[in-house]
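K.L.:
Sequence:
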Amino acid sequence: MERASGILMPITSLPSNYGIGTMGKSAREFADFLSLAKQRYWQILPIGPTGYGDSPYQSFSSYAGNPYWIDLDELVKEGLLAQDEIVGHDWGSDPSCVDYGLIYKSRFAVLRLACSRLEQVLPDDYLEFLKENQEWLNDYALFMAIKDEQGGKAFLEWDEELKLKDEALMQEKMVELRDEMKFYMRMQYLFFKQWKALKAYVNGLGISLIGDVPIYVSSDSHDMWANPEQFQLDEEHQPIEVAGCPPDGFAKDGQLWGNPLFDWEYMEEDDFSWWKKRVAHQMKLVDVLRIDHFRGFESYYAIPYGAKNAKIGEWKKGPGIALFTSLEKSLGSLNIIAEDLGFLTQDVLDMVEKTGYPGMKVLQFAFDSRDTGSGYLPHMYTSNSIVYAGTHDNDTILGWFETAPKQAKEMAIAYLRLSEEEGYHWGMMRGALSSVSKIAILQMQDVLGLGSEARMNIPSTSSDNWTWRMDGKALTKKVAKKLGDLTQLYGRFEAMETKKEESEVLECLQ
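Residues in the sequence shown are numbered from 119 upward in steps of one, following my numbering.
Hints were generated in silico from the structure; no laboratory data involved.
Keeping only pairs whose Cα atoms sit at most 30 Å apart, straight-line, the calculated DSS-like set for lysine-lysine is:
(1) K426 / K271
(2) K447 / K317
(3) K395 / K472
(4) K527 / K596
Remember, it's a predicted structure, so these values are computed and weren't measured experimentally.
With the sequences and hints as input, model every part of the structure.
P.N.:
Shown next as structure tokens:
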């Protein structure tokens, strides 16, 4: 990685006429904006289909793509939908917010039409797609088909034969639910076809995609249902202990995530084959992969299943460096970002250093008295790090200045030489861009100078998250130039030959 910068912008937050951001025209226009603003990275959130709570970190699959991201206008161009079949649905009245309940009903109704037409003239590459993805796609389609049949119930609530994947019953279900399985397979075909096209467009502008993968999978996922031996489960496939974080200065009850924990002993005996497949799949989709909760590989916090909070739990040892040695032996050198935030022991720091992967620095944390001495002040950075002014779990910069303790704000103003004339958000982003970290990532909300109304997620809460959407007129030449000038000032841009001239990009912006 050369010295550069980029923007964290979820696909779902892009503007569109259909209630949620997609991989169509607005995604390409955002890539054009990044190019004009001299950015070299576009970071997104996990790509998986979301369930209850709408969190991309609680997905039905580590492999599948989110059908909400499929662009409907592209399907019209391909003859799979008619325009009046789309506009006849209610996509919501607030363009600044995703209404997931509404989107679920409307999006799946429209996609069923498109997938039924796909069957009439199957594309030449459809069978190739099925073959390339058969190791996960069949199980995923069957899991989702059964889930629909069960009224959406979490699979841990299914009857025992379904939950435990009784072989004879599964054969029956594959026949009985054949059409529903086809629907889920064809949705995935459409997703990955559009994803491939978008990635090619983005890369053609000299921009790399940073993906994101949670360390854990959801307890209601095809991953756990299809591979129970990889997890710490009892004979009825119920989790024995679950994931989370202990109480700290940010959460007095800790964080109870509820994800099943890995059976690391089994995984190591199997030479981490499950992880190799998962990482290899993700690396085909993105250029750089951020792994969430990286410290959990050294040791993880285990909470008894059924606990009401995370107060009672214990730290247990993970696989450590052995996992990454095995991954790189099989997959080669990997462009990975280690999300090494949280409670870090010396053992965690040593593990991250041994991997050679850059860790994360969050500028907002630098001025929090609860994180004193933890290395988030820029003068303590090393070049092998990725600096964020804030992440999707933080408030926006302007929101932070509204709610942070007086002492924290005063320290930020003094340390970064912030001024109201420049704008506190631009000053803090300047602090990130001017640091020695090889990559600086800024939230799009901060580039636009938005407040807490645009915050993406509040950890340990389960509602009203992941809903922010950008105004369709927000991408202007003025904003692009201001960001581009600041990026170039701090040596984070070197002109590259791309497939698109600047004049073409300018036409797309206000």
